[in-house]
Amino acid sequence: MLEIKDLVVSYGGVPALFGVSINVNDGEVVSVVGSNGAGKSTLLKAISGLMKPEGGEVVLDGKSIHNLKAHEIVKQGIVMVPEGRHLFGQMSIVQNLMMGAYQVTDKKVNADRLEKVYSIFPRIKEREKQLAGTLSGGEQQMVAIARGLMSEPRILMLDEPSLGLAPIMVKEMFRMIKDIKQTGVTILLVEQRLKDALILSDRAYVLQTGKIVMEGKGEEFMNSPEVRQAYLGL
Amino acid sequence: MSEVILQVVGSGVLWGFIFVLSALGLTIIFGVMDICNFAHGDFLMMAMFLAFWLSVWPGLDPMLSLPIVAIAIALLGVATYWLLIRHVLKASGMAQIFVTFGLMIFLRGLAQALWGADYRSITDPLVQGSWNIMPNLSLSKPQVVAALCAIVATILVYLFMTKTRTGLALQAVSEDKDAASLMGIPVQKMYILAWIIGAGCVGIAGGLLSEFYYIYPEVGMVYGFLAFITVALGGFGSIKGVFYAGLIIGMVQALGGFFFGSAYQYLLVYGLYFVCVVVRPQGLMGRR
Ligand SMILES: Nc1ncnc2c1ncn2[C@@H]1O[C@H](COP(=O)(O)OP(=O)(O)O)[C@@H](O)[C@H]1O
Ligand SMILES: [Mg+2]
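From first to last, the protein sequence lines stand for chains S and Y. For the first sequence, this note's numbering gives the first residue as 1, with consecutive numbering after it. For the second sequence, this note's numbering gives the first residue as 1001, with consecutive numbering after it.
Keep in mind that the hints were calculated from the coordinates and are not lab data. Hints may contain errors.
Examples of chain Y residues toward chain S, derived with CB under 8 Å [said to hold, decoys possible]:
1) E1003
2) D1124
3) R1165
4) L1168
5) A1169
6) Q1171
7) A1172
8) E1175
9) A1179
10) S1181
11) L1182
12) G1184
13) I1185
14) P1186
15) M1251
Note that CB positions come from ideal geometry on N, CA and C, so glycine has one too.
I would like the entire structure built from these sequences, with the hints used as guidance.
Structure follows, in C-alpha cells:
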C-alpha cells in the first residue's frame, strides 16, 4: 500500500536519510527501530509532508504523494502522531480531538468517531473538558494518538509513543497500540524500544545513521543473534 | 468633582472599546503567525480616508459605508500577506520588521502624496450630538454608537475564535503550526483568514473613528502605537487580554488628559506600559 523508495532527506544540505526504502502493506504493523539520531523522525516527517525529500519517492497505492503538503497527506489517509505529542496545550481534550477530525464537517460523523476513540481510551473521556497542557505524559500521549485516530486514517504513524513515559505507562501504551491494530488500522511505528516494538510488529526495519541496515519479520528479529547483540544488549 | 471624573471615565471607556477592536486585529495576526504588523495603524488611517472619500462620493456616511470599508481593508490585509509577508515567513525577525515597517512608511507617504497633510473630518455626520445621561454626564453619540459597534464586532470575533471549528483551527495554528498541518488544517489558508479578520477589525475601527475624529495621513501613528501597547499589555496573542487592556488604556488616557492636559495623556499610557513590562512582561493574560 505505502512504498518508500530511495528516500533522501536533508537538513540545510546535511543529509539525514541516504536512500531509505521501506514498504508497508495493508493491515500490517511495521516498525522502524534505531537508536537516537538514526533518522526515524526524519523519515516520518518526510512521509507526512512536513519535510520535502530531495530524492526518492513516497508512493501510496501507485500514486506519488511526496509533493503534497502536510494537510493534503492527511486527506490521503496517512496521519502522523509526532514525537513529543505536540498537543494544543491551551485547548481542551475534546477540542484537540475535534482538530484531529478537522477535515470532517459532518457533526454526526464527528460524534461517532469521538465515541469510538473514547472506547479505546476511556481514561481521557472523563477529562474531556480539561486543558490538554495540564495532563500527565501518559495521558497526553493517549490524547495525541486519539487525535490522530479522529481522521480515521488508513495508515497511522506513531513516532516514539513510549518516549518519556513511566514504565507502567509504557506497557499500557503498547497494549493500546495492540488494540488499535486489532481495529484494522495499518500502523507504521517508530521506536527505540526494540523489544516492545518487535513483539507488536509483523515486520521491522533497522535504521542506522540514515540507512536501512536490516529488515525482517518481527519474531525473526527477536531471535536473531545479531540483532540481540547489537540492539538488545543480550 | 466626582461627577467630572465619572464623565472622564465614561468617555475613556468609550475610547477603550475602539482601542480593543483595533488591537484585536493586531493580536490575532500576531498570535497566528508571529508577525508584528507595524503598518497596523496605517491600515486604520486608510480605512478612515476610504470612509471619508465614500462620504464625499457617493455620499455614504461612514456608519453606512462600514461594510465596504471593512471588506476593503480586509483585502488590503490579504494583499499584504500575499505580496509581502508570505515571502518573509521563514526569514529573520529583523527582515519581517523591515517589511511591515516599510509598508507603514509607504502607506503614510502614499496618503500624503495623494491627499496632502490636511486634517479632514466628516461634515454633517449621520450620528452627532450627545446624550445627557445624568446632569453631569453626557456622552457623545457617535462615540457611544462606535463603542457599541466595537463591542458587537469584538464579541463576534471572540465567539468565532472560541466556538467554531475554523476559529479553533486558527488557535491550533497559533499554538503549533506543524501539529496543526498534521491534523489536516491548511496552514496557509488560516494565515490568509487571520489577515482577513485582523485587517477587517481595524478597518471597522477606522470606519467608526472617522465619524467623529480627524482624518489625516499621520493619524495611524498614535493609534498604531496604542494598539501595540494594548496588545503588549494584554499579552501577545490573547483576545481576552486585549479586551481588558483596551479598556484600561482608554480610561488611563482619558484620566491622563484630564489631570495633566491632553499633551500628556499618552505619556501616562506609556508609563503604564513601562510598569507592565517591568512587573509582568508577559502582559495581563500572556502565556509565558
Ligand atoms: N531540525 C534539525 N536540524 C538539523 N538537523 C537535524 C534536525 N532534526 C534532526 N536532525 C539531524 O538528523 C538526524 C536524524 O534525526 P532524527 O530523524 O530526529 O533521528 P531519530 O528520530 O531517529 O532520533 C540526526 O543526525 C539529527 O541531528
Ligand atoms: Mg525521533
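Verification of the hints:
1. Hint status for E1003(Y) relative to chain S: violated, with the closest Cβ pair at about 43 Å, above 8 Å.
2. Against a cut-off of 8 Å between C-beta atoms, the interface hint on D1124(Y) is violated, since the closest Cβ of chain S lies about 48 Å away.
3. Given hint, R1165(Y) at the interface with chain S, holds; its Cβ is 7 Å from that chain's nearest Cβ, closer than 8 Å.
4. For L1168(Y), the interface hint holds, since its Cβ comes within 8 Å of a Cβ in chain S; the closest pair sits about 6 Å apart.
5. Given the 8 Å rule on beta carbons, the hint for A1169(Y) holds: about 6 Å separates it from the nearest Cβ of chain S.
6. Hint status for Q1171(Y): holds, given a least beta-carbon distance of 6 Å to chain S, under 8 Å.
7. Hint on A1172(Y) holds. Least Cβ distance to chain S is approximately 5 Å, under the 8 Å limit.
8. Given the 8 Å rule on beta carbons, the hint for E1175(Y) holds: about 5 Å separates it from the nearest Cβ of chain S.
9. Against a cut-off of 8 Å between C-beta atoms, the interface hint on A1179(Y) holds, since the closest Cβ of chain S lies about 4 Å away.
10. At a threshold of 8 Å, the smallest CB-CB gap from S1181(Y) to chain S is about 4 Å, leaving the interface hint in force.
11. At a threshold of 8 Å, the smallest CB-CB gap from L1182(Y) to chain S is about 5 Å, leaving the interface hint in force.
12. At about 3 Å, the closest approach between the beta carbon of G1184(Y) and any beta carbon in chain S falls short of 8 Å, and the interface hint on this residue holds.
13. Residue-level restraint check for I1185(Y) holds (minimum Cβ-Cβ distance to chain S is 5 Å; threshold 8 Å).
14. With 8 Å as the threshold, the beta carbon of P1186(Y) comes within range of chain S, its nearest partner Cβ sitting at about 5 Å, so the hint holds.
15. The restraint placing M1251(Y) at the interface with chain S is violated, with a minimum CB-CB distance near 29 Å, outside the 8 Å limit.
In terms of the numbered hints stated before, the structure departs from hints 1, 2, 15, listed from lowest to highest.
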